Structures are given as structure tokens and as C-alpha cells.
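Asker: One-letter residues, chain by chain:
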Amino acid sequence: MKKIDIFKKGLFVENPIFVLLLGLCSSLAITTSLTNAIGMGIAVLCVLIMSNVIISLLRKIIPNEIRIPVFIVIIATLVKCVQMLMNAFTPALYESLGVFIPLIVVNCIILGRAESFASKNGVFDSLLDAMGMGLGYTFAVLVISFFRELIGTGGLSLFNPFDASQVIFQFEVFGDYAVSLFTQPAGAFITLGCILAFIQFLKVKKANKAKKVEGK
Amino acid sequence: MKKIVTLALFLAVIAGLSGAALSYVYSVTDPIIQEAAIASEKENLVKIYPSAEFKEVETDTSQYSAIQGVYEAEGTGYVYKCSVVGYGGGSTPIVYLIALDNDGTYKGYEVIDCSGETSGFGSRVAEQEFKDKVVGKNIGDSIDTLSGATISSSAVVAGIEEATAHYEENFK
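Protein chains in written order, with the numbering used here: chain A, 160 to 375; chain B, 355 to 526.
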């Protein structure tokens, strides 16, 4: 597989949320605002990159029998580090993401990539894989939170994660007609369901097209 | 048998390394986190001691239900953050700061939140009239409650007494 393909597959073809349906718990819970989604996306990206690199470096010396506990210890350590760093440098984001930062430990994207990719491939490939998957996750939570924030609050806003008082942009489109259901968990399921249906629609359309070409 | 020992050792080494990494990150981030925690309190603390350096005091307050936090204003005194149940019930307690100065007086009293108290009655615990009853008194003196706002002001006084008891026990 070409290097660029390793990177690209996480973004679209094997997008962890939209295609593999991994790590849905956190992606449904934190996608109430764009700011949260970016913060969570970056946190997952950092943990994923570090865990994939470390596990790939250690893959030859980790005994096969205890690889899962070793992966978990490494991932838990990294998540705890990220959590402490976020608490220190992005306190507002830390408050609003709350329990979902420590829960990155049990996010199956990270263990999944460690088990299925990093433990079998070289360091550079693992790094590319982590970047692709991490950015794919970030992209997916951004898409979900875009729709949820827009429909749920009638506008969009983005704050600087390092300083909550610094507004990057904030505007309102239809404040009076906001459907607050979309800021609730049920809205997360509806949004994700619609997006998945749309992706399925594109896939079927593409498959039909391919069939037609073959038929001719 | 040998295999099990090797595996256990390997896992122990990994866990040890992760512990070391964590303690390093903790030592870097902890001071910043502590400072941030105090910073949110600081805008109220400086009303009492405008030019002091504040430090959160680690102390056992489990016997004192009203005390939420103790801050040392270096060299001058101690500020207690208290939360007591007034007329508004347990969900909206009265939260205030009381400063016990090293010169033996109540140096300052600032109400942070008394939104649960009845406006014009219990809310008077945040007003100058009550403040004058507290500030300047010697530590340990009895503080008069407010007639018309007995429940709220008694609760505040009880909290101040707890802070005093803690102060006498730990800092005298």
C-alpha cells in the first residue's frame, strides 16, 4: 500500500466514525458545539499518534500473550497526560468535555488501531495511520457538531480553546426557530443517523454506476 | 513458570515507566492547575486583602461542614470560604468569604452568593449593615444576628464560628 493511501484511508474510505462506526459514545456526547468537537478531535488525535508510534516501536518486544494489557497501560498513561495538560492549559475546554477526556482510554478507535495496525506495521506507517484516523475522527465530529449546533441553537460559534473569552466567530442564523432537541442526546442519534444514511446513499449510487458501466 | 514471571516482569516494567511519565507530567501541570483554581477565587480575595499573595492551604476540614476552602494571605491572615444553608435551602446555600487576620480581628467579610435568600430579608446578610457587625470585631467575639433575617444571618454566624474554631485549632 502506498504511504499516501495509508493516510487517506482514515479520512474517508475507512473513516472511524462514519464507516467503521467506532468510538460512537464520545462522538455522540461531545458534539454539542464546534469548540467541543475541535477540542475532543485534537485530544484524540494526539493520543492516537503517540499511542500508535509507541506501540509500533515496542511491537517486537511486547509478548503476544499480554499485548492487550500493555496497550491499555500505554493508552491510559497517554490519556491521563493529555487530561492533565488540558486541565492546565485549556481549563474551559476541560470543564465542558468533562468525563469524556478520561474516557478516551476506552475509545475503541485507539485500541483498534493499536491492535490492528500499529502492532503489525512500522513506525512511519503507524504515524500516518494515526494521523489519518485522528483527522478522520476530528472531521467526523466536526460534521456532526456543525449540524447539531446549527439546528439546535440556530447559529454557530467557535471559541479559542486556550482562552474561552476569545471568540473566533459567532453568528446566529435563525435563533427563533432553533430545535433544542438537537442539543440533546436524541438529536445526536438523529444527526448521526441522517449522515450515515446519506453516506450509504452515495455508496449505493456509486456501486450502481459501477454496475452499469460493467453492464455495457 | 518462567514464562509467567517474564510476562509479569514485562508488564511491571511498562507500568513503572508509565508511572514515571505520569509523575513527570503531574509535576509540570499541577502548579498551573492550582494557580488556575485560585485565580477564580482571587477576584473576591483581593477585595479583602488588596495586595496579598494568596495560597490555598491544604488542611483537614472534614469536621467543619461549612468550610469549603482555606486561603492564606501570606503574612497577614487567613481567608475562609464558607457555604451555609440559609432560608433558601440546601440547593442554594449562602457562600461567603470571612477573613481572620493575624492581628486578632475579623478583617473582611464578602458574600459571593446569596441568591437563594429572600430579597430584602435574608439577602441583607450581603449588605453593609451586617458587614459592619462582623468586620473589625475580635476573633471569637459573638456576632449579632439580624432581626428580620434571623435564619440567614444565624447560618452565616454559625459558619463564621466554625471558621474561627478551625483557625484557633490550626493556625494559633
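FYI, nobody ran anything at the bench for these hints, they're computed from the structure.
From a predicted model like this one, the values you see are computed outputs, not experimental measurements.
Any given hint could turn out to be false.
What the hints assert, rightly or not - Simulated crosslink set (DSS-like; lysine-lysine; CA at most 25 Å straight-line):
(1) B:Lys526 x B:Lys409
(2) B:Lys401 x A:Lys219
(3) B:Lys357 x A:Lys279
(4) B:Lys396 x B:Lys485
(5) A:Lys364 x A:Lys167
(6) B:Lys357 x A:Lys219
(7) A:Lys167 x A:Lys365
(8) B:Lys356 x B:Lys485
As the list claims (entries may be wrong) - Incomplete in silico selection of chain B near chain A, CB under 8 Å:
(9) Leu363
(10) Ser372
(11) Ala390
(12) Ile392
(13) Asn524
The C-beta atom is built at its ideal place from N, Cα and C for all residues, glycine as well.
Asker: Evaluate each hint against the coordinates.
Answerer: Each hint tested on the structure:
Our distance criterion of 25 Å between C-alpha atoms is met by Lys526 of chain B and Lys409 of chain B, whose separation comes to about 18 Å. Between Lys401 of chain B and Lys219 of chain A, the direct Cα distance comes to roughly 61 Å. Violation of the 25 Å bound is thereby established for this hinted pair. For a cut-off of 25 Å, the pair hint linking Lys357 of chain B to Lys279 of chain A stands: about 23 Å separates their Cα positions. The suggested pairing of Lys396 of chain B with Lys485 of chain B holds, with an alpha-carbon distance near 20 Å, which does not exceed 25 Å.
Straight-line distance between C-alpha atoms of Lys364 of chain A and Lys167 of chain A comes to about 22 Å, which keeps the hinted pair within the 25 Å bound. A C-alpha spacing of about 17 Å is found between Lys357 of chain B and Lys219 of chain A, which places the hinted pair at or below 25 Å, so the restraint holds. Between the alpha carbons of Lys167 of chain A and Lys365 of chain A the distance comes to roughly 19 Å, so the proposed pair stays at or under 25 Å and holds. Between Lys356 of chain B and Lys485 of chain B the CA atoms are separated by roughly 73 Å; this puts the pair beyond 25 Å, and the hint is violated.
Hint status for Leu363 of chain B: violated, given a least beta-carbon distance of 10 Å to chain A, over 8 Å. Using the Cβ-Cβ criterion of 8 Å, the hint placing Ser372 of chain B at the interface with chain A is satisfied: the shortest such distance is roughly 4 Å. The interface hint given for Ala390 of chain B is met, as the beta carbon of that residue sits about 5 Å from the closest beta carbon of chain A, less than 8 Å. For Ile392 of chain B, the shortest C-beta to C-beta distance to chain A is roughly 12 Å, which exceeds 8 Å, and the interface hint is violated.
Because the closest C-beta pair between Asn524 of chain B and chain A is about 28 Å apart, greater than 8 Å, the hint is violated.
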